[in-house]
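Trainee: Kindly generate the complete structure, drawing on both the sequences and the hints.
Residue 80 in the numbering used here sits at position 80 of the sequence shown; the count goes up by one each step and never skips.
Straight-line alpha carbon distances no greater than 25 Å define the calculated DMTMM-like cross-link-like pairs of lysine to aspartate or glutamate that follow:
1. Lys88 with Glu102
2. Lys39 with Asp53
3. Lys29 with Glu81
4. Lys39 with Glu28
5. Lys39 with Glu81
To be clear, the hints were calculated from the coordinates, so they are not data collected in a lab.
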Amino acid sequence: MRLFPLFTNLIIIMSFSYNIFVYCYVGEKVSEQCSSVAKSIYRTNWYELTPLDARNLCYIMVLAQHPVQLTAGTIMILSLENFTKFAKVSFNSLNMIRKILESTP
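Mentor: Quick look at the structure:
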């Protein structure tokens, strides 16, 4: 009976995909929050602050210009865009393997 291994593989693939999606979603949110820090600082009334606080805000703005991104072992950036690319490649590969297995006697 070939239905049980197919069901097992489907559950494993769904579990892996969900885990990867969660990491990519968190990576996307971290990037968004870091970019919003620079925008928020830009909108402040920095000219009303003390010179020391204004200088500290400048340092934070310089640091916020370089986006913070979660990576998967320096191989890929964890974002929703990369998750969709990963999902497309995974399902295309799975479909190709399935067709190869169906064509063999």
